[in-house]
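Chains as they are written, first to last, in our numbering: chain D, 30 to 308; chain H, 168 to 483.
Accuracy of the hints is not assured; some may be wrong.
What the hints assert, rightly or not - Here are the simulated DSS-like pairs of lysine-lysine, each with C-alpha atoms no more than 30 angstroms apart in a straight line:
| no. | chain 1 | residue 1 | chain 2 | residue 2 |
| --- | --- | --- | --- | --- |
| 1 | D | Lys69 | H | Lys305 |
| 2 | D | Lys69 | H | Lys325 |
| 3 | H | Lys305 | H | Lys325 |
| 4 | H | Lys305 | D | Lys95 |
Everything labelled a hint here was simulated from the structure, so no lab data went into it.
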Amino acid sequence: MAKPTHSPLRTGLVHLALVAYTLISLFPVVLTIINSFKTKNAIFREPMALPGPSSFSMIGYETVLKQGDFLGYFQNSFIVTLVSIVLVLLFGAMAAFSLSEYRFRGNTMLGLYLAIGIMIPIRLGTVAILQGMVAAGLVNTLTALILVYTAQGLPLAIFILSEFMRTVSDDLKNAGRIDGLSEYAIFFRLVLPLVRPAMATVAVFTMIPIWNDLWFPLILAPGEATKTVTLGSQMFIGQFVTNWNAVLAALSLAIFPVLILYVIFSRQLIRGITAGAVK
Amino acid sequence: MSDTSSPHDAIGTARRPIRWHIAVFLMPAFVIYSAIMILPLIETLRLSLYNTVDGQSIFVGLSNFKTLFGDERWAASFWNALRNNLVFFVIHMLVQNPIGVALAAMLSLPRLRFVTFYRTAIFMPTLLSFVIVGFIWKLILSPLWGVAPWMLDLVGLKSLFGPWLGQPGSALIAVSLISVWQYVGIPMILIYAALLNIPDEVIEAAECDGITGWSQFWKIKLPLILPAIGIISILTFVGNFNAFDLVYTVQGALAGPDGSTDILGTLLYRTFFGFQLQLGDRSMGATIATVMFLIILAGVSFYLFAIQRRMRRYQF
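Work out the full structure, taking the sequences as your base and the hints as a guide.
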C-alpha cells in the first residue's frame with residue numbers, strides 16, 4: 030500500500046492527546062482506589078501519593094464490612110443480574126428465533142412492537158409499575174427487580190439476536206427437519222450454539238445497566254434485605270459522608286467487580302459494538 | 168397490539184396444522200414485555216388524566232396538565248427542570264460528542280500503536296455506576312480535599328477554583344461535565360466502529376487525489392460517519408431526558424443548590440414519591456412522566472422521520 034508516511038511529529042501529537050485523555054478517564058478511579066488504602070491523615074495530606082508503609086491502612090474497609098451488610102448487597106446484585114440475564118437471553122433468543130425463522134401474519138408488526146422499548150425508557154412507566162408490584166405483593170422482593178430488568182433488556186436483545194439468527198444457514202435447519210428434529214430441538218441444539226458470540230454481547234450489554242441501576246432498587250426494593258450494591262453504597266455513603274476512609278473503601282468495593290468483569294469481557298464488548306451497532 | 172395476537176398468528180396458515188411452537192417461542196417475551204413495560208406505560212399515560220378527589224380516582228381530562236403548566240408553583244419548577252434538562256443535553260451535544268468523534272478519529276489512524284489500551288481505558292468510566300462516578304467527583308471537586316485546586320495549580324490556574332458543585336451558577340455545568348466524562352466512551356466507540364467500516368479503497372482513492380490529513384477527515388470520513396453521529400445524537404437525547412441517577416447522587420433529590428440542577432427525572436422522583444415536606448402525588452407524577460414521554464417521543468420521531476430518511480447512506 031502506498032500510503033504517505035505520517036510524520037513522527039503528528040503521531041507524537043496524537044499520542045500526547047490520547048494519553049492526556051486516558052489520564053483524565055483513569056485518574057479519578059485510581060485516585061479513589063489508592064486513597065482507600067491510606068490513613069485519614071495521609072488522605073488529606075498527600076492525596077496523590079501511593080500508600081506507603083507509614084500511610085497504609087485498611088481502616089476504611091474494616092468500617093465498611095462491619096457497618097454495612099456489603100456481602101448481602103453483593104449477593105442481591107449477583108442474583109438479580111444473573112437471573113435477569115438468563116431470562117433475557119432465553120426469552121429474547123426464543124422470540125428472536127420465531128421472528129426471524131417463521132413467516133406468519135403480524136410478524137413485522139410484532140417486531141416493531143417489541144422494538145418500542147429500545148427507544149422509550151421503561152422508567153417512564155414507574156408510577157404504574159410500582160402500583161402493579163404493590164398489587165402483586167412484590168414490593169421489596171428481588172423478583173420485582175428481576176421482572177423489570179427482564180422487560181427492560183428484552184427489546185434490545187430481540188433486536189440484536191434476530192439480526193444474528195438471520196445469518197444461520199437454512200440448509201442446516203432444513204437438514205435437521207429432514208432428520209426429524211422438532212422445532213424446539215432445532216432451536217436449542219442447532220441454532221443456539223451457533224449464535225453464542227451474539228449472546229455474549231447481549232449479556233454484557235444487558236448486565237451493565239442492571240448492575241448500575243439506582244432508580245428501581247430505590248423505588249421497588251429499598252428494604253435492607255433486598256438492597257443491591259449500587260443502592261447499598263449510595264445509602265452507606267450518605268450516612269458516612271464525613272468518614273472519608275469508609276466512603277473511599279465503599280466506592281472501591283463497588284468498583285472492583287465492574288473492573289474485573291470489564292477486564293474479562295472488554296474484548297467481547299468492543300467487538301460486539303464494532304460488529305453490530307452501526308449498520 | 169393485544170394479547171390475542173398469538174392465536175391470530177396461526178390463522179394465516181390454515182392449510183397447515185396450527186404451528187404452536189411459534190406461540191410458545193414468542194409467549195414468554197411477549198407477556199413479560201407487555202405486562203411490565205407496555206401496560207404500565209399506557210397506565211401511566213392514563214393516570215395523567217385522573218386525579219384523586221376525596222379518596223376517589225376520577226377522570227379530570229387535561230386539568231393535571233393545566234396545573235402543571237398553569238399553576239405558578241408547578242409551572243416554575245417544571246419550566247426550570249425542562250430548561251436545565253435542555254442545557255444538560257446541549258452540553259452533551261457540544262462537549263461529549265465532539266470529543267468522542269475526535270478521540271475516535273485519532274484511534275482509527277492507521278498503524279497507531281497502543282490503540283487497544285487507549286480504547287479500553289477511555290471506555291472504562293462508562294461502565295461505572297452513577298453512584299461511584301457521582302461520589303468520586305464530589306470528593307475531587309470538594310474544597311475540603313483540595314485535589315482539584317492542587318491540579319489546577321499544576322497548570323497555573325489555581326485562582327479559577329471554586330466550589331463549583333455548590334454554586335447555583337456553575338452546578339449544572341459541573342454535573343453535566345461529570346456526565347460527559349462518564350459517557351464519552353459511547354460516541355467514541357460507535358464512531359470508531361463507523362470509521363473502521365470505511366473501506367480502504369475509498370481512503371486510498373482519496374490519497375491518490377492528494378486529499379490527506381485534515382481535509383481527508385472533513386471531506387471524506389465525516390460525511391461517511393454522519394449516520395453514526397445521528398444515532399449518537401438520538402441516544403444522547405433519550406438518555407439525557409431520562410436522566411436521574413447522577414443528579415440524585417451528586418446533589419440529592421432536591422437537586423440543589425436552589426434547584427439549579429433539577430432535571431425532569433429528579434422532578435418526577437420528587438413529585439411522585441414526595442420529599443421532606445412535599446407529599447407524593449401519583450397523578451402529578453404520572454403527568455410529568457407523560458410529558459417526558461411526549462418529549463422523548465417527539466425527539467425520536469423527529470430523528471426517524473426527518474433526519475434518518477434524509478440522511479445519505481453510502482453503500483460499498
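Okay, the hints, checked on the actual structure:
About 18 angstroms separates the Cα atoms of lysine 69 of chain D and lysine 305 of chain H, which keeps this hinted pair within 30 angstroms; it holds. Using a Cα cut-off of 30 angstroms, the hinted pair lysine 69 of chain D and lysine 325 of chain H holds, with the two alpha carbons roughly 24 angstroms apart. Straight-line distance between C-alpha atoms of lysine 305 of chain H and lysine 325 of chain H comes to about 18 angstroms, which keeps the hinted pair within the 30 angstroms bound. A distance of roughly 25 angstroms separates the Cα atoms of lysine 305 of chain H and lysine 95 of chain D; the hinted pair therefore holds under the 30 angstroms criterion.
Checked against the numbered hints above, the structure violates none of them.
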